[in-house]
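In order, the protein sequence lines correspond to chains A and B. With the first letter of the first sequence counted as 1, position 32 gets the number 32 in our numbering; the numbers rise by one all the way through. With the first letter of the second sequence counted as 1, position 113 gets the number 113 in our numbering; the numbers rise by one all the way through.
Derived by calculation from the structure, the hints in this document are not laboratory data. Since we're looking at a predicted model, the values are computed, not measured. Treat the hints with care, since some could be wrong.
20 Å max Cα-Cα, derived EDC-like pairs, lysine to aspartate or glutamate [stated by the list, open to error]:
#1 Lys55(A) <-> Glu69(A)
#2 Lys102(A) <-> Asp51(A)
#3 Lys70(A) <-> Asp28(A)
#4 Lys105(B) <-> Asp38(A)
#5 Lys42(B) <-> Glu79(A)
#6 Lys57(A) <-> Glu79(A)
#7 Lys53(A) <-> Glu17(A)
#8 Lys3(A) <-> Asp26(A)
#9 Lys13(A) <-> Glu72(A)
#10 Lys70(A) <-> Glu30(A)
#11 Lys37(B) <-> Asp38(A)
#12 Lys37(B) <-> Asp84(B)
#13 Lys102(A) <-> Glu15(B)
#14 Lys3(A) <-> Glu39(B)
#15 Lys105(B) <-> Asp59(A)
#16 Lys71(B) <-> Glu39(B)
#17 Lys18(A) <-> Glu30(A)
#18 Lys42(B) <-> Glu69(A)
#19 Lys3(A) <-> Glu17(A)
#20 Lys13(A) <-> Glu62(A)
#21 Lys71(A) <-> Glu30(A)
#22 Lys71(A) <-> Glu22(A)
#23 Lys102(A) <-> Glu17(A)
#24 Lys42(B) <-> Asp26(A)
#25 Lys102(A) <-> Glu72(A)
#26 Lys13(A) <-> Glu30(A)
#27 Lys102(A) <-> Asp38(A)
#28 Lys68(B) <-> Glu39(B)
#29 Lys102(A) <-> Glu39(B)
#30 Lys102(A) <-> Asp31(B)
Which stretches of chain A does chain B cover? Using the computed rule of at least three CB atoms under 8 Å from a CB of chain B, they are [claimed, not checked]:
#31 36-47
#32 105-113
Even glycine gets a Cβ: it sits at the ideal position worked out from N, Cα and C.
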Amino acid sequence: DVKVTQSSRYLVKRTGEKVFLECVQDMDHENMFWYRQDPGLGLRLIYFSYDVKMKEKGDIPEGYSVSREKKERFSLILESASTNQTSMYLCASRPLGATNEKLFFGSGTQLSVL
Amino acid sequence: GESVGLHLPTLSVQEGDNSIINCAYSNSASDYFIWYKQESGKGPQFIIDIRSNMDKRQGQRVTVLLNKTVKHLSLQIAATQPGDSAVYFCAENLNQAGTALIFGKGTTLSVSS
């Protein structure tokens with residue numbers, strides 16, 4: 001089975017801190033995604049990556065950056081955390097060329113910014 | 001802007017009943033639709049999908065119906081079980097790369113014994 005692992009289940013950070021959310025997948029998938037999930041808003045795409053060192057902005061990239069130095073790892077970075085970035089963050093991965101039935105999600109990281 | 005929405009944020013049913021979860025979409029260019037299930041503490045999991053050239057697709061205990069005329073998508077769960085309790089999301093795919101996957105807001109299904 002595909003495993004997408006997010007390093008932290010819960011995180012509490014202070015306003016202005018630099019925050020790293022880590023995601024690792026074990027199936028050699030080319031595509032990786034970061035979403036945030038908020039009540040009443042569903043899932044919204046922040047950034048995605050087609051392959052190593054490649055990244056593209058999603059629908060809500062402001063306040064975030066990403067890093068894909070290795071194929072299995074996709075990091076989401078909050079340069080200076082703000083309270084409006086309190087949310088559930090979901091990482092997902094998918095093989096190159098696959099449609100979204102092959103999109104696998106991690107269990108999420110609940111980030112609270114105080 | 002264009003978005004995928006759901007008619008009801010919550011749905012409560014009795015075990016053994018059939019459940020119907022509805023979703024309205026607004027982008028007529030969408031060619032592929034997906035239903036996901038998200039259990040508490042877990043990420044969304046794929047349930048079933050349907051392409052725009054179909055109006056019905058069946059899986060194990062689940063059926064997805066697509067009505068392109070009224071831009072409506074539904075998920076039917078037969079003989080609902082307590083393990084079906086979860087948040088259900090519909091999503092529409094706007095491009096072949098799958099990077100324009102727009103999720104609905106979710107319906108929470110509660111199944112009581």
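These are the hints, each one checked on the structure:
{"no.": "1", "hint": "Lys55(A) <-> Glu69(A)", "in the structure": "holds, 11 Å"}
{"no.": "2", "hint": "Lys102(A) <-> Asp51(A)", "in the structure": "holds, 16 Å"}
{"no.": "3", "hint": "Lys70(A) <-> Asp28(A)", "in the structure": "holds, 10 Å"}
{"no.": "4", "hint": "Lys105(B) <-> Asp38(A)", "in the structure": "holds, 9 Å"}
{"no.": "5", "hint": "Lys42(B) <-> Glu79(A)", "in the structure": "violated, 26 Å"}
{"no.": "6", "hint": "Lys57(A) <-> Glu79(A)", "in the structure": "holds, 16 Å"}
{"no.": "7", "hint": "Lys53(A) <-> Glu17(A)", "in the structure": "violated, 25 Å"}
{"no.": "8", "hint": "Lys3(A) <-> Asp26(A)", "in the structure": "holds, 6 Å"}
{"no.": "9", "hint": "Lys13(A) <-> Glu72(A)", "in the structure": "violated, 26 Å"}
{"no.": "10", "hint": "Lys70(A) <-> Glu30(A)", "in the structure": "holds, 10 Å"}
{"no.": "11", "hint": "Lys37(B) <-> Asp38(A)", "in the structure": "holds, 16 Å"}
{"no.": "12", "hint": "Lys37(B) <-> Asp84(B)", "in the structure": "holds, 9 Å"}
{"no.": "13", "hint": "Lys102(A) <-> Glu15(B)", "in the structure": "violated, 30 Å"}
{"no.": "14", "hint": "Lys3(A) <-> Glu39(B)", "in the structure": "holds, 16 Å"}
{"no.": "15", "hint": "Lys105(B) <-> Asp59(A)", "in the structure": "holds, 16 Å"}
{"no.": "16", "hint": "Lys71(B) <-> Glu39(B)", "in the structure": "violated, 27 Å"}
{"no.": "17", "hint": "Lys18(A) <-> Glu30(A)", "in the structure": "violated, 27 Å"}
{"no.": "18", "hint": "Lys42(B) <-> Glu69(A)", "in the structure": "violated, 26 Å"}
{"no.": "19", "hint": "Lys3(A) <-> Glu17(A)", "in the structure": "violated, 29 Å"}
{"no.": "20", "hint": "Lys13(A) <-> Glu62(A)", "in the structure": "holds, 19 Å"}
{"no.": "21", "hint": "Lys71(A) <-> Glu30(A)", "in the structure": "holds, 7 Å"}
{"no.": "22", "hint": "Lys71(A) <-> Glu22(A)", "in the structure": "holds, 13 Å"}
{"no.": "23", "hint": "Lys102(A) <-> Glu17(A)", "in the structure": "violated, 35 Å"}
{"no.": "24", "hint": "Lys42(B) <-> Asp26(A)", "in the structure": "holds, 18 Å"}
{"no.": "25", "hint": "Lys102(A) <-> Glu72(A)", "in the structure": "holds, 16 Å"}
{"no.": "26", "hint": "Lys13(A) <-> Glu30(A)", "in the structure": "violated, 30 Å"}
{"no.": "27", "hint": "Lys102(A) <-> Asp38(A)", "in the structure": "violated, 23 Å"}
{"no.": "28", "hint": "Lys68(B) <-> Glu39(B)", "in the structure": "violated, 29 Å"}
{"no.": "29", "hint": "Lys102(A) <-> Glu39(B)", "in the structure": "holds, 18 Å"}
{"no.": "30", "hint": "Lys102(A) <-> Asp31(B)", "in the structure": "holds, 17 Å"}
{"no.": "31", "hint": "36-47", "in the structure": "holds (count 6)"}
{"no.": "32", "hint": "105-113", "in the structure": "holds (count 4)"}
Checked against the numbered hints listed earlier, the structure breaks hints 5, 7, 9, 13, 16, 17, 18, 19, 23, 26, 27, 28; every other hint is satisfied.
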